[in-house]
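Enquirer: Listed below, chain by chain, are the residues.
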Amino acid sequence: MDPNGEDVLSKLPAPHKELTETGPLPDDRLRLIFTCCHPALAQSGQTALALRLLCQLSTAEIARAFVEPEPTTAQKIVRAKRKIAIARIPYVVPTEVELPERLAAVFAVVYLLFNEGYSATSHERLTRPDLVVEAIRLGRLLVELLPREPEARGLLAMMLLHDARRAAREADDGSLIPLEEQDRAAWDQARIREGLALLDSAMLARQPGSYQIQAAIAALHAQARSPAGTDWPQISALYGALLRHLDTPVVQLNAAVALAMAGDLHAGLAWITQIESNGDLSTYHLLPAAKAELHRRAGNASAARSYYLQALDLVRNAGERKYIERRLQELS
Amino acid sequence: MQYMLLIYSDEKTWSAMSESQIKQVYKDYMDYTHELAASGALMGGSELAPVATATTVRVRNGKVLTTDGPFAETKEQLGGYYLIDVPHLDDAIKWAAKIPTALNGAIEIRPQTDNQAANKG
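Going down the list, the protein sequences come from chains A and B. The first sequence runs contiguously to residue 332 in our numbering. The second sequence runs contiguously to residue 453 in our numbering.
Chain A with its partners taken away, still in its complex shape (with noise of 0.2 Å):
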């Protein structure tokens, strides 16, 4: 196998050639998200081998994302070139009744693109704004291209109101800035606006799904004034409902933070306790940075002060590191 499977692609005969000029998708790249999505790949490898050859991030940023071993996504990625190849998966545009079985696998490129954009793997600054930049391009054009469909709106819904707080939330050396110490008057309020306006379009619907209520979260933070001012209990709530619909280790822990901010610290911390000791996050670095957090607020300072130096050994980006680091400091 070639290692970077472009030639896979290219060698595979194209019959409906002509449909690339045509059809209901308007963007090439979007159009192509379409194509390698193809429902006869498993669909953590179409979401993989997008990202890899249509999104260029590296296999480490990819296994990130799906918090795994690096091995085991390029293992996916080598799979899903191996079937491409074999099975003769063409690379054709799909057609308008083919698009909605592809759905979930672009919806989940396209966010995390925005992940990997909003808070780097590897990288000297927090942010890579160029590829922010293209998730919320490429959100835009789903829900264009999909107005009937709830999730299109909610996606884009959570990117722009996460986006709403760049210039906050990234300071002048690169360095995170946590939301209760970020300058609320910096945050983009069109985009804000804009945000809570496609999520209650999105909830008329009455469909809800894991990306308007990811949309629904962020959407509290962006209306409170102040940190003491967010909504903790509705947050933890909704968190609750978004385990039904996405039950991941990460979502998880969200839900345990949310849960201790909404009041219920012991509960919170046994919660994270509690994913740690199933092994999933082992090598996640906000899990002991979240323990640190809580700890921090609860004035526990030596706990705190051993579980950032956890989160430390694991952080790969510069920003995140200097963010713990001067936690550190301040602790000490």
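Hint data in this document are derived by calculation from the structure and do not stem from the laboratory.
In silico BS3-like links for lysine-lysine, alpha-carbon gap of 27 Å or less:
no. : chain 1 : residue 1 : chain 2 : residue 2
1   : A       : Lys83     : B       : Lys430
2   : B       : Lys426    : A       : Lys83
3   : B       : Lys407    : B       : Lys355
4   : B       : Lys344    : B       : Lys359
5   : B       : Lys359    : B       : Lys407
6   : B       : Lys359    : B       : Lys426
Only part of the chain B face toward chain A is listed, based on derived beta-carbon distances under 10 Å:
no. : residue
7   : Tyr335
8   : Pro419
9   : Asp422
10  : Asp423
11  : Arg442
12  : Thr445
Using C-beta positions, here's what the derived DEER-type ranges look like:
no. : chain 1 : residue 1 : chain 2 : residue 2 : range
13  : A       : Glu180    : B       : Ala434    : 53 to 61 Å
14  : B       : Val383    : A       : Thr248    : 35 to 43 Å
15  : B       : Val389    : A       : Asp247    : 44 to 52 Å
16  : B       : Gln444    : A       : Asp28     : 32 to 40 Å
Virtual Cβ for every residue (Gly too), placed ideally from N, Cα, C.
Given chain A, put chain B in place with the hints provided.
Expert: Just chain B, lined up with the frame of chain A:
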């Protein structure tokens, strides 16, 4: 590119059918086979007798071991197949979706190995 379309269904659904229902299924298969042949994709195919008639053979240490029954007991059984020749998997999926049994059973599509691609692995 040749693909084997393996037709799996629960044999019990057959025994539960009335005579007129069975007639209808055979007619649907006839129509499908004619359509497949007319398209030029049909290479071969057959209905298989029930698994109760199956014999499984293994050779171990030079000895032929013959047992009654299928090699594995499954909820759905292989009941027939088509061998087709079409340009790529999307066409194979389209033909598989038209097989009457796709409505209540399942069709497994297996590409014939293209030795060049397989050896590249």
